[in-house]
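Protein chains: 2
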Amino acid sequence: MAAPSDKALVPFVSVAHMMALVHRIGPETALQEIAAVIEADFRRWDSFDRTPRLPAHSPQGVIELMPTTDGAHYSFKYVNGHPGNTRTGLQTVAAFGLLAEVATGYPVLLTEMTLLTALRTAAMSAVAAKHLARPGARTHALIGNGAQSEFQALAIRALTGADRLRLFDTDPAATAKLMRNLAPLGFHLTTCPSAEDAAAGADIVTTVTADKRNARVLAANAVAPGQHLNAVGGDCPGKTELPPELLPRCAIFVEHPPQTRVEGEIQQLPSDHPVTELHRVIAGTAPGRRGPDDITLFDSVGFAIEDFSALVWLKARVTPDLCQPLDLIADPDDPRDLWGMLMRAGPDASV
Amino acid sequence: MAAPSDKALVPFVSVAHMMALVHRIGPETALQEIAAVIEADFRRWDSFDRTPRLPAHSPQGVIELMPTTDGAHYSFKYVNGHPGNTRTGLQTVAAFGLLAEVATGYPVLLTEMTLLTALRTAAMSAVAAKHLARPGARTHALIGNGAQSEFQALAIRALTGADRLRLFDTDPAATAKLMRNLAPLGFHLTTCPSAEDAAAGADIVTTVTADKRNARVLAANAVAPGQHLNAVGGDCPGKTELPPELLPRCAIFVEHPPQTRVEGEIQQLPSDHPVTELHRVIAGTAPGRRGPDDITLFDSVGFAIEDFSALVWLKARVTPDLCQPLDLIADPDDPRDLWGMLMRAGPDASV
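Read top to bottom, the protein sequences are chains Y and V.
First residue of the first sequence? That's 1 in the numbering used here, and the numbers climb one at a time after it.
First residue of the second sequence? That's 1 in the numbering used here, and the numbers climb one at a time after it.
Treat the hints with caution; some may be incorrect.
Here chain Y is said to cover these stretches of chain V; the calculated rule only asks that three of the stretch's residues, wherever they fall, bring their Cβ under 8 Å from a Cβ of chain Y [said to hold, decoys possible]:
(1) 57-65
(2) 82-90
(3) 105-114
(4) 174-188
Keeping only pairs whose Cα atoms sit at most 30 Å apart, straight-line, the calculated DSSO-like set for lysine-lysine is [said to hold, decoys possible]:
(5) Y:K7 - V:K315
(6) Y:K7 - Y:K315
(7) V:K315 - V:K7
(8) Y:K315 - V:K7
(9) V:K130 - V:K7
(10) Y:K315 - Y:K130
Coverage of chain V stretches by chain Y, computed from C-beta distances (three or more under 8 Å per stretch; other residues unrestricted) [stated by the list, open to error]:
(11) 69-78
(12) 329-340
The set of hints was computed from the structure by calculation and includes no laboratory data.
Where a beta carbon is used, it is the ideal one built from N, C-alpha and C, also for glycine.
All chains, full assembly: derive it from the sequences and hints.
What follows is the structure, given as structure tokens:
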């Protein structure tokens, strides 16, 4: 049987390929580049379809599809969130995604997105911190030292300069792992005995924990005027990280309100509580921080446009040696003759 | 770098693998088996999440995500519909899909679904015809002789015995192609000069055309009492095949009413026009055909549960030599140490 034509072959970026690509580009450069694409896409927010993601909830976790399109490209991500997975050696969050051409509906890139999601989530946090934290931020408290924490540390340093880290996790082994991983990277590192201690004096406080419940990973009175909060971990219904009494003290910034009202920290607030869409701050059509004593909160849940940005970045940056062609799309010589293609094949697969 | 562990590797069924599998099983057996799984899943309809599919419309076509779950497995299909694609040698419909485990959110199968969709769509039509056509049906009119037509012919014969085909397409080349493909398969074949001529005397009339507009592929007065109509091609808003004045004469059966009201032939009717859910006929809780003079209409648009059935069938039937392992899911030794996995990799991808 003849090999499938180019139209049938979709470039696939495996986990190994993605790791090699990040090594070649350098993780900080990759984070900066993805942040730049996210910023550019947020400036043209109205170009995008903004469907809230489609979740399938189960007692163990959630599986979500996150599609969007700008009219030229279409993307979606498949992503799960299963906090109990680590008990059996699996990732809490695993993901893959696809970029397609709107004009034909044909996929142009399929890729692992566990690593790419870690990169884009951190890049998104850093974009928000760049626009919302007080100028000259140096100290970053990281509450939750799991799989996402190194990426947050690096991205926020890359975009704001914050190179002093104060670390806390309920599991000291997680903090030890983070210390080990960050040691060679030029940070000033301090481990802290509590979340409140970590937050003390920080310019930026990132919460990135994984429990699927209404948690209080930080006492409300531990947050001081002038701080920027980056709430990453609370990202589905019934899963929050911050105490509700803290929220009214904050100027709250979100990705897409219809999604964040259901999934973010603000699910704990009345549905008409005022929030600002972050893309408007980036575009200069809404104010961000109003003064040095504001507490700004980026109530991050992750939005499909960020994945779109990451996929477009990847498509531009990936090289042919870091893809494998996948025989994903049937490609009969005559498109109306799918049966004929099937019949001309035999019982032995040549691809 | 070490090879990824089994948890990271998702079996992938390529187009070539799918063709080989269908050859080994035999197309008619495959259609019968898929029909049996669809019937079994329709009998347990309430076990499934029934979210209408998520479409992204563009001037050229539509890209859709079709997820569902029965609480144990989760599936989705990516599928496009671009009628103009054939002008540039591409398929009107190309698709791929995924089966995952709900308990962990991890994918267990990724597959081409262009061929699998052709099989499941035909199997679905055949299940409906088996339950709705008059007993002893022998003659099947096929209006629209494109990529789906051979599959419809075979599946409907396999489940109802209808082996006399009356063929029509606005493009005689499509009919010639269908004649060529069906010639070795033991049908009685008649080409007809018009859709109305094809429908005359048929027990089952299948319309499976691809225009994205409100078409009238068959005059209302060409449909006679006792016929079963299988309307396959009209499957998105603004795309219908049958004249609206025909519809009130029919007993109408649908997959999932909230989706069919928007996408099916019945988008031309008031939104409260009575329809029967086909799964209830299959389960015996609603009547199907009430007598020999009923005109029954299966207003088929394609529903996610049918893809779920097809994916579960494939997972059970595919053999290890017909999959390739895809390095799709990041699998760090310590699930909280994604960064460490990245750092231990190098700039050369070994997978």
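For the pair supplied as a hint, Y:K7 and V:K315, is the alpha-carbon distance within the 30 Å limit? holds, 26 Å
Hey, Y:K315 versus Y:K130, does the alpha-carbon distance stay inside 30 Å? The given pair, whose Cα atoms are some 26 Å apart, holds under the 30 Å limit.
Three residues minimum, CB to CB under 8 Å: does the stretch 82-90 of chain V make the cut for coverage by chain Y? Let me know. holds (count 6)
Please work out if Y:K7 and Y:K315 have their alpha carbons no farther apart than 30 Å. holds, 17 Å
Checking one constraint from the list: CA of V:K315 to CA of V:K7, max 30 Å. Satisfied? With Cα atoms ~17 Å apart, V:K315 and V:K7 stay inside 30 Å; holds.
Check of the stretch 174-188 of chain V against chain Y for coverage (Cβ-Cβ below 8 Å, three residues minimum): holds (count 4)
Hey, Y:K315 versus V:K7, does the alpha-carbon distance stay inside 30 Å? Cα-Cα ~26 Å, so holds.
Counting residues of the stretch 329-340 of chain V that have a beta-carbon nearer than 8 Å to any beta-carbon of chain Y, does the count reach 3? Since three or more residues must qualify, the claim that chain Y covers the stretch 329-340 of chain V holds, with 11 doing so at under 8 Å.
Would you check chain Y against the stretch 57-65 of chain V, counting CB to CB pairs closer than 8 Å, and say if three or more residues qualify? Satisfied; 6 residues make the cut.
Mind checking the alpha carbons of V:K130 and V:K7 for me, to see if they're no more than 30 Å apart? violated, 42 Å
Per the coverage rule (Cβ-Cβ under 8 Å, at least three residues), is the stretch 69-78 of chain V covered by chain Y? With 5 residues in contact (Cβ-Cβ under 8 Å with chain Y), the coverage given for the stretch 69-78 of chain V holds.
With a Cβ-Cβ cutoff of 8 Å, does the stretch 105-114 of chain V contain at least three residues near chain Y? Contact hint for the stretch 105-114 of chain V vs chain Y: holds, 5 residues under 8 Å.
This entry does not satisfy hint 9, going by the numbered hints stated previously; all others are met.
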